[in-house]
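Sequences and hints are given; from them, build the entire structure.
In case you want the letters, here they are:
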Amino acid sequence: MATVTYTQATRIYPGTERPAVDHLDLEIGDGEFLVLVGPSGCGKSTSLRMLAGLEDVDEGSIHIDNRDVTHLPPKARDIAMVFQNYALYPHMTVYENMAFALKLRKTSKAEIDRRVKEAAGLLQLEEYLGRKPKALSGGQRQRVAMGRAIVREPQVFLMDEPLSNLDAKLRVQTRTQIASLQAKLGITTVYVTHDQIEAMTMGHRVAVMLDGVLQQVDTPRALYDKPSNVFVAGFIGSPAMNIKTVSLTDGGAKFIDMIVPLTREEVEKARANGGGDKVTIGFRPEDCDLVGPTEGGLPVVVELVEDLGSDANVYGHAALDGVSERFVVRTDRRHMPNMGDTVFVKPRADHNHAFHAATGERI
Amino acid sequence: MRRAHAFLIAWAAVVTLPLLWAVVSSLKTDREILTSPWSLPATPRFDNWSRAWNQADIGRYFGNSAVVVGCALLLTMLLGATTAYALARYPFRGNRILYFGFVAGMLFPVFLALVPLFFVVKQLGLLGTYPGLILVYTAYALPFTIFFLHAFFRTLPTALAEAAFLDGCSHWGVFFRVMLPLARPGLVTVAIFNFLGLWNQYLLPLVLNPDPDRYVLAQGLAALSVSQGYRSDWSGLFAGLTIAMLPVLAAYVIFQRQIRSGLTAGAVR
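First to last, the protein sequences are chains A and B.
Quick note: the first sequence uses the UniProt record's numbering, first residue 1, plus one each step.
Quick note: the second sequence uses the UniProt record's numbering, first residue 1, plus one each step.
Misleading hints may appear alongside valid ones.
Some chain A residues close to chain B (C-beta under 7 Å, calculated; not the full set) [to be verified]:
hint: 1; residue: L54
hint: 2; residue: H71
hint: 3; residue: L72
hint: 4; residue: K75
hint: 5; residue: F83
hint: 6; residue: A87
hint: 7; residue: Y89
hint: 8; residue: H91
hint: 9; residue: F100
hint: 10; residue: A101
hint: 11; residue: R105
FYI, nobody ran anything at the bench for these hints, they're computed from the structure.
Glycine residues also receive a C-beta, built at the ideal position from the N, C-alpha and C atoms.
Here is the structure:
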């Protein structure tokens with residue numbers, strides 16, 4: 001068990017200008033489950049591979065438990081990794097796959113056998129130990145890949161989108177299995193995904209990345225409640241938050257006739273640093289109500305209603321300053337509007353997120 | 001469909017009948033061969049084979065061929081696999097140039113190199129020796145081997161090598177424990193091709209291997225048919241031919257499945 005520390009870690013691929021990972025500072029606690037999340041190409045996998053030793057670190061350093069591993073080869077780092085395509089050795093049986101790393105370290109046969117059997121029991125793989133990977137289903141292969149990591153009893157687990165090759169149902173099931181397995185083993189884990197639901201449900205903390213830059217690291221709840229900038233606000237949550245840049249008045253942000261109230265402090269901050277008299281306001285689809293025409297809501301023309309069974313997503317548009325803008329509202333199924341209706345949307349007080357119009361930072 | 005089958009049958013007949021005829025002839029007496037060339041032998045005469053093996057020295061030539069081709073094959077596969085792997089998986093300055101250098105070796109007509117090759121081998125003091133022939137065979141077979149295996153190693157997933165590194169392999173470990181076993185179909189295929197090519201090699205030994213004691217099979221058979229002159233031992237010659245064919249045939253039959261899977265595996269991408 002160990003802590004992991006990235007200090008100003010930077011990776012610039014040869015022949016490119018922009019760093020794939022740009023001065024990453026990140027501390028991961030002992031036994032923590034940290035999820036790296038972001039859109040494709042944001043540098044999350046590269047960060048993980050830097051920790052694994054599969055990618056060079058061009059600047060800065062990486063420590064595992066205060067040991068500088070920045071330029072150590074992968075095998076000297078005592079880490080195990082689960083790959084997206086599992087990377088099982090096709091010419092070895094499940095048993096041999098799991099025993100391979102231990103065999104290389106000259107672990108005794110009895111010890112190897114004990115550990116492999118134990119991991120196989122944990123993952124319900126006992127009956128498949130003699131099979132080759134090609135004779136296994138996708139879910140079983142995924143478990144073998146997990147088993148190969150577990151038997152190592154490494155200091156850190158690395159997982160690179162380990163669920164993306166499973167079908168939707170199995171993914172949800174395996175998600176909980178991995179999370180509970182990690183809790184049981186207590187091994188520090190870094191998990192990469194592009195799926196924000198995986199990130200929110202599995203991670204103790206979640207690190208959101210964009211264009212190689214770390215945007216925010218926090219608990220899932222804090223990310224949801226207090227996104228530190230416009231990108232995080234839009235990335236976390238489904239359907240995505242309604243984020244619009246509108247005119248600023250002394251009392252708040254002006255959506256046609258509806259005013260989203262802001263404190264005087266917030267208004268001042270929004271005006272500073274070239275914000276002008278604009279402000280970016282976000283409110284989540286689940287944080288607003290459909291109100292009557294006279295209650296000061298924003299008139300939205302309904303384009304599409306998604307009935308999800310438990311509730312419904314209403315998609316529509318409204319003209320802000322002459323520009324048609326899209327809005328999403330989650331509503332009770334019993335009050336579902338029809339297409340073409342005009343509904344009046346009112347964000348709940350205290351559930352708004354205000355961002356600086358120029359910098360995108362939270363106010 | 002029918003027409004295609006008829007064509008294939010005809011083609012197979014054209015290819016196999018002469019071979020079968022040679023095998024059948026190896027079991028006849030000289031008289032039978034000359035008087036009734038199409039008939040089956042009255043009694044199969046396996047003594048033709050032993051005569052060819054012992055008296056016509058086919059046995060010794062066979063041994064020479066086995067030593068030279070075996071060693072050359074081993075060396076070719078070892079050097080070819082390591083070179084192809086390094087070229088396919090490690091980017092370094094001059095990688096492409098080296099690779100194209102090897103590929104260019106395939107385009108070079110051996111015929112043009114014969115005279116200089118003769119002098120090179122002679123000055124190395126290797127003329128008419130096993131090592132001389134083995135080295136030349138290896139150099140001859142390497143370009144194709146590297147070309148073929150290079151393509152093969154490229155198709156193997158990078159993640160496997162990375163997983164092996166993380167599991168604690170060194171570069172050699174990754175190569176020998178993971179990549180080489182995965183490349184087995186490709187290795188077998190290219191080894192068979194090389195075996196066929198080297199086993200039937202005639203031109204190179206003709207120039208570089210003048211010592212009759214060290215003749216390889218192709219040379220021996222040629223010598224046999226030439227030296228006979230009018231005192232012909234046709235059945236012995238056919239028996240020698242058949243003996244020369246057998247290892248090739250055996251190798252093909254044994255590895256048939258792997259050759260086919262190797263060919264397609266190499267062809268995809």
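Would you list, in rising numerical order, the hints stated earlier that this structure does not obey? Those not satisfied are hints 2 and 3.
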